[in-house]
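A.B. asks: Using the hints provided, position chain Y relative to the given structure of chain G.
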Amino acid sequence: MNIEAIKSIYFFEMARTRRTLLQSVVSPVISTSLYFIVFGAAIGGRIQEIDGVSYGAFITPGLMMLTLLTQCIGNGSFGIYFPKFTGTIYEVLSSPVSMVEIVLGYVGAAATKGLMIGTIILLTASLFVDLTIAHPLVMVFFFVLTAISFSLFGFIIGIWAKDFEQLNLIPMLVIPPLVFLGGSFYSVKMLPPFWEAVSHFNPVLYLISGFRWSFFEVSDVNPVFSAVIILVFLAICMSVLAWIFRTGYRLRN
Amino acid sequence: MAPIVSVSNLSKTYASGFKALKGVSLDIEEGEILALLGPNGAGKTTLISIICGIVNPSGGTVTVGGHDVVRAFRETRSMIGLVPQELTTDAFETVWNTVTFSRGLHGKKPNPDHIEKVLKDLSLWDKKDNMLRELSGGMKRRVLIAKALSHEPRVLFLDEPTAGVDVNLRKSMWDVVERLRASGVTIILTTHYIEEAEEIADRIGVINGGEILLVEDKAALMSKLGRKQLRVDLTHPLEDVPDTLSSYNLTLEGDGHCLIYDYDTSAERTGITALLAALGEAGIRLKDISTRQSSLEDIFVEIVGAGR
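First to last, the protein sequences are chains G and Y. 9 is the number of the first residue of the first sequence in my numbering; add one for each residue after it. 75 is the number of the first residue of the second sequence in my numbering; add one for each residue after it.
Only chain Y is shown next, with the shape it has when bound in the complex:
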């Protein structure tokens, strides 16, 4: 199946000379949730802004649903809903009016039933006649989502949807995303929160310094880059790692009470069996054993660090 969004060799240099994107290529499949991770200033928002038509690209092409975003902007922008990072709202408008306005802007005939459904799904129905300035930050965020959904988009961009949002609201936002995906909407979200990507994304892209460092299936990424750590707590502390164990590259922690063994889950042999046998032979008594899988956060720090 052709990707719903296809970015090819995209670059953007701002008037100040700042190169925000340096030849980015990325395919997004229909119906998936892609999380774009990256530190501040990595180019996430610029990438989204070009796909949505807010910023002109300096080079390269983007297609949405097979249409070029510059030449066939009507087709592509009709398919896209955008929830920006900043809480930008018309303070003096009512929730109902601002969401209806968004639908009209996208060239869709008024459809109060659809607007009602969107507002109810986002628990905004009882606020429909309130002015936006009367709403809390979390509600404004949901109004922005409602605006983006007002014209029934096939692709939804969420630019840091849960920045500055409390834990409960973040969870409810994830539920919204899950429901949207179930209805067939493709979702691209940018985030700082690794936890968020880990929780809801199918695929993860890491962007830094205007370049895509990798795009990978989340599970594959975790297992591919996922280092595991075996932690062995000892009954009696050691002063040094015994010479017989030197081939295992162990580190001693906790005043000699704990041995740490790093291993690769994707390797054919992890070496755990041999290590445990060697520990027994060396007469070391074990108190406890635990393993820990590196989180997406560790992976992220590793990739971005290596890219520097």
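With the rest of the complex left out, here is chain G:
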């Protein structure tokens, strides 16, 4: 294992986060605060509790997931796409590093950054609403696994993307609807039966539901099922990556 290389890639990526601190950290804090002002204070005051949880608190896990998914996909894809775009990828490819080490460096950094921002949002949220976490270990389980698997997903997008449009396609066009329609701001039980059934085809619903269960012990689907879904998603991402590495897809061809 080339530990020095993993460290180099990891800290190189984290250094970029430091350089773009304002954009990386301050902007999610501001957008989260805006969500709380709009949904928590202005509108939330007129909304009843959902499943016995105040509306402001109810949306917190969803907001964390929204940011976590977009941040992890964004960082994971950008981290590998950018050197591909500028050409500096030649150096990584000609170094004595295995693909597993490359992934540990890039995906590790993307997941770390996602977790940092997710934590910041949690802290910001706690300024607006009373939050208790019923099952901290389960919460960490969903938090960390989601960060890792969506950073991996982002990494795959970064390898696949041939231009900036493709790079932004999934994070901009696919993820927001899935998150918004996955019960970030409501319980899918509030939907008409047909749309509730449709919602169950949305994988993000399971993430948000499981994550919310770890906070409030309320969920749209069985949390065990949520855990299975995230593990399956992680396994799919790892298999796709294994295929990419075996074939050299869009990297060594």
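No wet-lab data here; the hints were simulated from the structure. Hints are supplied without guarantee of correctness; some may be wrong.
Below, simulated DSS-like cross-link-like pairs (lysine-lysine); rule was C-alpha separation at most 30 Å, straight line [stated by the list, open to error]:
{"id": "1", "chain 1": "Y", "residue 1": "K292", "chain 2": "Y", "residue 2": "K245"}
{"id": "2", "chain 1": "G", "residue 1": "K92", "chain 2": "Y", "residue 2": "K182"}
{"id": "3", "chain 1": "Y", "residue 1": "K183", "chain 2": "G", "residue 2": "K92"}
{"id": "4", "chain 1": "G", "residue 1": "K170", "chain 2": "Y", "residue 2": "K292"}
{"id": "5", "chain 1": "Y", "residue 1": "K214", "chain 2": "G", "residue 2": "K170"}
{"id": "6", "chain 1": "G", "residue 1": "K15", "chain 2": "Y", "residue 2": "K245"}
{"id": "7", "chain 1": "G", "residue 1": "K170", "chain 2": "Y", "residue 2": "K202"}
{"id": "8", "chain 1": "G", "residue 1": "K92", "chain 2": "Y", "residue 2": "K93"}
Label pairs and their in silico Cβ distance ranges [said to hold, decoys possible]:
{"id": "9", "chain 1": "G", "residue 1": "I11", "chain 2": "Y", "residue 2": "Y88", "range": "31 to 41 Å"}
{"id": "10", "chain 1": "G", "residue 1": "I11", "chain 2": "Y", "residue 2": "W248", "range": "23 to 33 Å"}
{"id": "11", "chain 1": "Y", "residue 1": "A341", "chain 2": "G", "residue 2": "G256", "range": "45 to 55 Å"}
{"id": "12", "chain 1": "Y", "residue 1": "Y88", "chain 2": "G", "residue 2": "V148", "range": "18 to 28 Å"}
{"id": "13", "chain 1": "G", "residue 1": "G256", "chain 2": "Y", "residue 2": "K96", "range": "17 to 27 Å"}
Ideal Cβ positions, reconstructed from N, Cα and C, are used throughout, including at glycine.
C.D. replies: Relative to chain G, chain Y alone:
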């Protein structure tokens, strides 16, 4: 001594169907400077990319230091430094960080003393805290060399190191190459500039259309293929080459003021003595005599032209 780099029957066909390499075989000896000459699209960069592990080969094998570049990539890539053709740099990184990053990628523990030495050798020390985007093209080129040297490689690939570099910098680049060779590093460089190969290489390989047309000791190549030309300036112009001189295959140039005689330096008899005597017998008066050796450039054009 076993070659440090051994390429055997290497082929590469890209997904588009383009055959970039067609069964290339090449041995590179430790400590030498090999120049790979070839027109654009000849396969130079593909060859280097496969040896360095950036591109997967379609067939054939490459060993570096006795290790297979695919199966034992850690061993081979640790030995290799690569300076790419394109000036690809992380615009927002500092010189120091990017060179340190390269060392780490190659699995070497941090060694600020070595990085300092490399930067000083390349006259980059006073720029170590500058961002790469603030540097000129020539400096960026040197940063790429510094990155390639950061992990103390035994084999250095320079892919067109002096493309778009001014004359002074090119000369200083050659000095760098010379110093590296003196320290025992094997250097493979690709170039368009024949002058560059002529100046610094020990051996020259000519590649075209994905095939190695020849690999030869530079001096041997020059003398083997080196045609010489004898130019005789005449006092009085001639209208035609006299019949008595027809066996010499002379050409008349400069409105009949100049006779050109091509001869082969490696031949047993060049025929110069006999020609001069024959000129005297024919009553032709000579004004001046000069000879010219064909340059590597002429040789190159000849080989690549013949290969077409």
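A.B. asks: Determine for every hint whether it applies to the structure shown.
C.D. replies: So, going through the hints one by one against the coordinates:
1. K292/Y <-> K245/Y: OK: K292/Y and K245/Y at ~20 Å, within 30 Å.
2. K92/G <-> K182/Y: Between K92/G and K182/Y the Cα gap is close to 24 Å, so the pair holds against 30 Å.
3. K183/Y <-> K92/G: Distance of about 26 Å is within 30 Å: holds.
4. K170/G <-> K292/Y: Answer violated: K170/G to K292/Y is near 43 Å, above 30 Å.
5. K214/Y <-> K170/G: holds, 26 Å
6. K15/G <-> K245/Y: violated, 37 Å
7. K170/G <-> K202/Y: Between K170/G and K202/Y the Cα gap is close to 33 Å, so the pair fails against 30 Å, i.e. violated.
8. K92/G <-> K93/Y: Between K92/G and K93/Y the Cα gap is close to 23 Å, so the pair holds against 30 Å.
9. I11/G <-> Y88/Y: 31 to 41 Å: Holds: the Cβ-Cβ distance is about 34 Å, inside 31 to 41 Å.
10. I11/G <-> W248/Y: 23 to 33 Å: Violated, since I11/G and W248/Y (Cβ atoms, about 38 Å apart) do not stay within the stated range.
11. A341/Y <-> G256/G: 45 to 55 Å: holds, 52 Å
12. Y88/Y <-> V148/G: 18 to 28 Å: Once the Cβ atoms are compared, 46 Å apart, the range 18 to 28 Å for V148/G and Y88/Y is violated.
13. G256/G <-> K96/Y: 17 to 27 Å: About 20 Å separates the Cβ atoms of G256/G and K96/Y, which means 17 to 27 Å holds.
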